[in-house]
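Enquirer: Single-letter residue listing:
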Amino acid sequence: MKIKKKFLILFLLPATAAFIFVYAIPLVMLVSTSFTDWRVGSAPIFNGLANYIQLFTADRQFISAGLNTIIWILLQSTIHVGIGVVLALILARKKFYWKFVRTVYMLPNIISSAAVGMMFVMLLNPSFGAVNTLLGKLGFTNLPNWFMDPGTAFGTVTITWLPFAATVTILVMAEMTSIDEGIMEAARIDGATEGQINWYIILPLMRNIIGTTTILAATSMLQKLDIIMMTTKGGPGDRTLNLPAYVYQTAFTSNNFGIANSIGVVMIIAGLIVVGIINRIYKIGKNSAEG
Amino acid sequence: MKVKKAIIKTGIFIFVLFIIIISVAPLLWVLLSSFKTNREILGGGLGLPAVFSMKNYTDALKLAPITQFYINSILVAVVSTAASVLLFGMGAYVLGHFEWKFKNVFRTLFSLGLLIPGAALLQPLYQTFTSTNLNDSLSGLILVYMAFGLPTTIYIMSSYFQTIPKELEESAYLDGAGFFKTFIRIILPIAKPAMGTAGVLQFLLSWNEFQFALTLTTSNTKRTLPIALYYFKSQFASNYGAMFAATIMVVIPSIIVYILLQEQVVSGLSAGAVKS
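For the protein sequence lines, the chains are A and B, in the order given.
By our numbering, the letter at position 42 of the first sequence is numbered 50, and the numbering carries on one by one without gaps.
By our numbering, the letter at position 120 of the second sequence is numbered 124, and the numbering carries on one by one without gaps.
List time: in silico BS3-like cross-link candidates among lysine-lysine, alpha-carbon distance up to 25 Å:
#1 B:Lys185 / B:Lys196
#2 B:Lys237 / B:Lys66
#3 B:Lys9 / A:Lys102
#4 B:Lys107 / A:Lys12
Pair by pair, the computed Cβ-Cβ distance ranges are:
#5 B:Ile194 / A:Ala66: 55 to 61 Å
#6 B:Glu103 / A:Ile281: 32 to 38 Å
#7 A:Ile289 / B:Thr134: 39 to 45 Å
#8 A:Ile87 / B:Tyr235: 29 to 35 Å
#9 A:Ile281 / B:Arg111: 22 to 28 Å
#10 A:Ile289 / B:Asn137: 42 to 48 Å
#11 B:Leu50 / A:Ile209: 41 to 47 Å
#12 B:Ile194 / A:Lys14: 22 to 28 Å
#13 A:Ile61 / B:Lys107: 41 to 47 Å
#14 B:Ala10 / A:Ala32: 58 to 64 Å
#15 A:Lys145 / B:Ile26: 15 to 21 Å
#16 A:Ile17 / B:Ile194: 20 to 26 Å
#17 B:Ser143 / A:Ala66: 37 to 43 Å
Treat the hints as calculated values from the structure; they're not laboratory data.
Every residue gets a Cβ at the ideal spot worked out from N, C-alpha and C, and that includes glycine.
This is chain A alone, in the form it adopts within the complex (with noise of 0.2 Å):
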């Protein structure tokens, strides 16, 4: 159908504004003065690629930042994403506790990440928190204070969002309703069991659904700042320290903007390197016939 031009312009234009000013300024910004030294209180001056080399060679906890955030990467795509998909094949079963389990499962991701921080910091507390007592009367002593021991702190980080794959298992899951029940009929009568079930057909099938929530699990870790703010701030010493909390102390506690620029910049190349190499991992797109 045809539209005349004034009303295209007019029904494009919020959308278009808002894209404008707050994706596609800031972004021109963001490259621009990543070249710079810009200090609060001086005007930027153009300093090559001073600040990337002062990253990549001098710049230690820049280097710890993200060795944290690619290993949260890797734990994420794998670990979270095969939670996420084991609990889709279980539920997909559709046994009487299916809808529930799928709905308590999702309140740790629809709430704000601040109150799950808040909530683990409670639950972990050395003197109150429900895990340590609980330990304590399973007999165990000598319980770290798992947020501020260099030994637990990276782990117990981790654990505040490595489980919680709820977003995983309903895309999964809203995939496999796709799936032709005449296939999986036909080979149970063949006499195969649920698990050949899952694992040679099942699965396959779900190359590309599973392949799109590896790209946001992977690259979700590029957003953590929340957790990190409520919890650690990324100590003790840089243990937890991860690109976005690093923007964030050299950004506002540092205000060093010409670094916090680069490390944007490096923080958006990383993501596009991810989904560009999880797409051909997983050949997203391509049918399951082309493999």
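Using the hints, position chain B against chain A.
Expert: Leaving out everything else, chain B in the frame of chain A:
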């Protein structure tokens, strides 16, 4: 064979039980603790409180301007949701329903946001907002949240508009209705399911958002609930009960919205993900 089956069944049982426990137990413990006295909390009991007291809630409201934060959160979430389904709905309508030049350029443009981690834009956005006086204002937050929901809203709504038969408007035009009137009177009412789906996701995004609320607001009169938890963590440190109560007050609205509109949340997530 029978033994193997039993092992698998037990494994599944333990796994599902584990999932239920990690999803519900922390919330339940925080909820129960929010009714306990400080002494009960420090005693580390896991059971029910001796008396269900609301004192922690009144304490929390006294310790931090939570009422103000609540009002701010409601304003930000409601306005950004309504504005986003209406204003971006207009864009989604012309994208999903008509043929025109550069359509695909705009489609790609609007979905680009999915590829940009919000934290990367923290400083530039702070800068833009300071120079346009949108910093530390609720309208600034509303604008940011709308824009960050833009890719999903446009996608969900334009897919829906694609399915609406064109004959509908043609007859409206024949009856002499204008383009705008047709959109408001005929198209939007039909698109209610899509507005619901996109709206729920936008509401949750705005209600829960943390990093921009943290960087783009500076005064208590402009802060939203998730930030309350961050700024008053130390204030609450001497009154654990209030800390539990404050956490519950922050999560309750999201949980209610989700329980009431579960189907929209589920279908919204599925639709949104296909895009990326």
